[in-house]
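**Q** Each chain, letter by letter, is given below.
2 protein chains.
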Amino acid sequence: MAMIIDGKQIASEIREEIKSEAAALKERYGAVPGLAVVLVGDDPASAVYVRNKGRACEEVGFASFQHTLPAGTPMRELVSLVDELNARSDVDGILVQLPLPGHMDESAIIDRIDPGKDVDAFHPANVGKILIGDEKGFLPCTPQGCKVLINRAVPDLKGRHLVVVGRSNIVGKPMAAMMLQKKKDADCVVTVCHTAAPDISYYTRQADILVVAAGRPNTITGPMVKEGVVVIDVGMNRIAHPDDPSKTKLVGDVKFDEVEKLASAITPVPGGVGPMTIAMLLSNTLKAFRMHREGS
Amino acid sequence: MAMIIDGKQIASEIREEIKSEAAALKERYGAVPGLAVVLVGDDPASAVYVRNKGRACEEVGFASFQHTLPAGTPMRELVSLVDELNARSDVDGILVQLPLPGHMDESAIIDRIDPGKDVDAFHPANVGKILIGDEKGFLPCTPQGCKVLINRAVPDLKGRHLVVVGRSNIVGKPMAAMMLQKKKDADCVVTVCHTAAPDISYYTRQADILVVAAGRPNTITGPMVKEGVVVIDVGMNRIAHPDDPSKTKLVGDVKFDEVEKLASAITPVPGGVGPMTIAMLLSNTLKAFRMHREGS
Numbered sequence: 000m001a002m003i004i005d006g007k008q009i010a011s012e013i014r015e016e017i018k019s020e021a022a023a024l025k026e027r028y029g030a031v032p033g034l035a036v037v038l039v040g041d042d043p044a045s046a047v048y049v050r051n052k053g054r055a056c057e058e059v060g061f062a063s064f065q066h067t068l069p070a071g072t073p074m075r076e077l078v079s080l081v082d083e084l085n086a087r088s089d090v091d092g093i094l095v096q097l098p099l100p101g102h103m104d105e106s107a108i109i110d111r112i113d114p115g116k117d118v119d120a121f122h123p124a125n126v127g128k129i130l131i132g133d134e135k136g137f138l139p140c141t142p143q144g145c146k147v148l149i150n151r152a153v154p155d156l157k158g159r160h161l162v163v164v165g166r167s168n169i170v171g172k173p174m175a176a177m178m179l180q181k182k183k184d185a186d187c188v189v190t191v192c193h194t195a196a197p198d199i200s201y202y203t204r205q206a207d208i209l210v211v212a213a214g215r216p217n218t219i220t221g222p223m224v225k226e227g228v229v230v231i232d233v234g235m236n237r238i239a240h241p242d243d244p245s246k247t248k249l250v251g252d253v254k255f256d257e258v259e260k261l262a263s264a265i266t267p268v269p270g271g272v273g274p275m276t277i278a279m280l281l282s283n284t285l286k287a288f289r290m291h292r293e294g295s
Numbered sequence: 000m001a002m003i004i005d006g007k008q009i010a011s012e013i014r015e016e017i018k019s020e021a022a023a024l025k026e027r028y029g030a031v032p033g034l035a036v037v038l039v040g041d042d043p044a045s046a047v048y049v050r051n052k053g054r055a056c057e058e059v060g061f062a063s064f065q066h067t068l069p070a071g072t073p074m075r076e077l078v079s080l081v082d083e084l085n086a087r088s089d090v091d092g093i094l095v096q097l098p099l100p101g102h103m104d105e106s107a108i109i110d111r112i113d114p115g116k117d118v119d120a121f122h123p124a125n126v127g128k129i130l131i132g133d134e135k136g137f138l139p140c141t142p143q144g145c146k147v148l149i150n151r152a153v154p155d156l157k158g159r160h161l162v163v164v165g166r167s168n169i170v171g172k173p174m175a176a177m178m179l180q181k182k183k184d185a186d187c188v189v190t191v192c193h194t195a196a197p198d199i200s201y202y203t204r205q206a207d208i209l210v211v212a213a214g215r216p217n218t219i220t221g222p223m224v225k226e227g228v229v230v231i232d233v234g235m236n237r238i239a240h241p242d243d244p245s246k247t248k249l250v251g252d253v254k255f256d257e258v259e260k261l262a263s264a265i266t267p268v269p270g271g272v273g274p275m276t277i278a279m280l281l282s283n284t285l286k287a288f289r290m291h292r293e294g295s
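Top to bottom, those sequences are chains A and B.
Per numbering that gives the first Met the number 0, the very first residue in the first sequence carries number 0; after that it's consecutive.
Per numbering that gives the first Met the number 0, the very first residue in the second sequence carries number 0; after that it's consecutive.
Keep in mind the hints are simulated off the structure, nothing from the lab.
Beta carbons are placed, not taken as given, at the ideal position from N, Cα and C, and that holds for glycine.
Don't take every hint at face value.
Unchecked claim - Taking beta-carbon pairs under 8 Å as the criterion, some of the chain B residues facing chain A (in silico):
no., residue
1, Ala152
2, Val153
3, Val188
4, Cys192
5, Pro197
Unchecked claim - What follows is a list of derived Cβ distance ranges for each label pair:
no., chain 1, residue 1, chain 2, residue 2, range
6, B, Val78, A, Asp41, 40 to 50 Å
7, A, Glu16, B, Glu76, 21 to 31 Å
8, A, Ser45, B, Glu134, 21 to 31 Å
9, B, Ile238, A, Tyr28, 55 to 65 Å
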């Protein structure tokens with residue numbers, strides 16, 4: 000029986016710490032970290048994410064600036080807004096909610112954000128710093144949240160084999176880049192495997208730490224892991240509820256009941272990685288504020 | 000008996016192609032690609048590298064601009080020179096030879112180079128593009144050269160297990176980032192292993208393709224590989240000559256005579272990866288010229 004890694008509890012502790020730090024910073028500077036979130040269009044899921052981010056800011060005492068533009072907004076107007084936010088001294092972090100409407104060039108918008116305010120860490124300069132191991136950049140929120148959970152569950156990672164399933168730009172690739180660094184809280188041998196592999200279980204069975212970000216339920220079953228593995232399940236899949244098909248249920252990428260019997264520790268879905276993402280966004284915004292005020 | 004991958008021959012073919020393209024571009028634009036190489040101080044090895052790069056430019060019909068500054072040059076003078084080269088329209092590529100003298104901040108200098116002229120691909124924005132898989136950036140010369148050799152030796156890489164030994168910013172990390180991309184000429188399962196692993200042979204024996212960039216002779220011996228592996232040896236180690244200790248000999252990181260019996264293909268040292276590096280520098284400079292003139 001695995002230890003259940005309580006992401007909800009850990010995220011809540013981190014948010015409390017950030018709240019105290021924000022209060023102390025307000026005392027010192029008469030200002031608080033500010034996060035601007037830009038939403039283009041009226042996708043309901045995106046609107047929920049944006050609202051949650053705004054609420055999370057308020058709860059820790061950050062300033063939150065929400066900008067909603069209609070779906071048909073011309074690209075140049077979004078560019079102007081990003082430029083304005085780049086220039087504003089009360090805005091420490093800028094987040095443009097993705098996906099953008101089809102007529103907009105997402106990578107051009109991401110490139111436009113000042114890397115020092117890019118709290119999503121999608122700008123190439125921040126992605127590069129992850130791979131280089133330069134801590135002056137930001138780490139993307141979801142894999143950073145996974146890393147915090149791994150570091151709490153496994154104090155000494157040196158030479159452990161960490162296997163990442165999935166190679167997205169949002170999770171798999173930056174996760175791998177973070178964990179292979181020659182640093183005390185990383186230093187893993189890292190394998191990235193994916194659907195091109197003839198048999199991913201050949202790799203997943205080797206994992207001391209297994210991070211699953213495949214975007215498909217039941218990607219990892221019991222026979223695919225070794226005993227004692229630490230499992231981080233990044234999946235968020237909404238499926239028909241097994242007991243009542245008129246309802247839905249949120250599940251991860253890991254077949255929890257099977258894998259939990261073999262793992263030494265595992266994140267649940269929901270309540271594992273999910274709550275960490277917004278906590279890391281707040282942490283990045285705090286870091287941005289410090290960089291802007293203190294140059295470090 | 001392995002096929003010997005003749006990097007010298009392949010590099011020479013690539014240089015011939017670049018020479019023809021440079022001639023065609025000169026016809027079309029009345030201008031040729033230009034590479035500026037900056038050397039600070041009088042390290043003899045660096046001076047040789049810089050001279051070779053200048054000569055390689057001349058051989059393919061590129062313009063070559065060499066800037067040599069004394070070791071005691073203040074940082075701000077080097078910054079001014081980089082700014083000047085960034086602004087010059089006849090300079091397509093800028094390369095600052097590393098290492099810089101101790102009083103200089105290498106990463107600040109690298110950050111200062113226009114990413115569109117950063118033909119060494121050490122700027123964080125270019126490193127980020129490697130991991131993202133954005134082909135508008137540059138690929139660093141040595142791992143790019145390895146990739147060309149791998150692509151010639153193994154036409155279909157999909158799902159093959161590529162193991163990289165070593166995690167330097169110059170070779171191991173970008174090599175891994177390139178080869179895990181979902182692209183026809185990559186698409187490998189990638190493992191990065193290094194000295195923190197209790198036993199690297201556990202990983203190296205799994206490799207279909209093994210890239211060794213450990214910087215130590217005899218890192219890989221016969222029992223550490225599986226039959227049929229393709230081996231790319233990035234090592235360049237100068238050791239005492241076994242037959243005449245008064246002389247030296249250049250060897251790689253792989254125990255060639257043992258591994259060659261098991262591999263299906265292997266690069267020799269010298270004459271394998273080495274000659275590819277400058278060929279890729281020329282290729283990047285050509286790409287930079289095209290980007291500046293043609294915007295693609």
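**Q** All the hints need checking, so say for each whether the structure fits it.
**A** Verification of the hints:
1. Ala152: violated (19 Å)
2. Val153: Constraint on valine 153(B) not satisfied, violated at 14 Å.
3. Val188: Hint holds; valine 188(B) Cβ to chain A Cβ min 5 Å, cut 8 Å.
4. Cys192: holds (5 Å)
5. Pro197: With a minimum Cβ separation of about 5 Å from chain A (threshold 8 Å), the hint on proline 197(B) holds.
6. Val78(B) x Asp41(A): 40 to 50 Å: Holds, since valine 78(B) and aspartate 41(A) (Cβ atoms, about 47 Å apart) stay within the stated range.
7. Glu16(A) x Glu76(B): 21 to 31 Å: Violated, since glutamate 16(A) and glutamate 76(B) (Cβ atoms, about 45 Å apart) do not stay within the stated range.
8. Ser45(A) x Glu134(B): 21 to 31 Å: holds (28 Å)
9. Ile238(B) x Tyr28(A): 55 to 65 Å: holds (58 Å)
Checked against the numbered hints given earlier, this structure breaks hints 1, 2 and 7; the rest are met.
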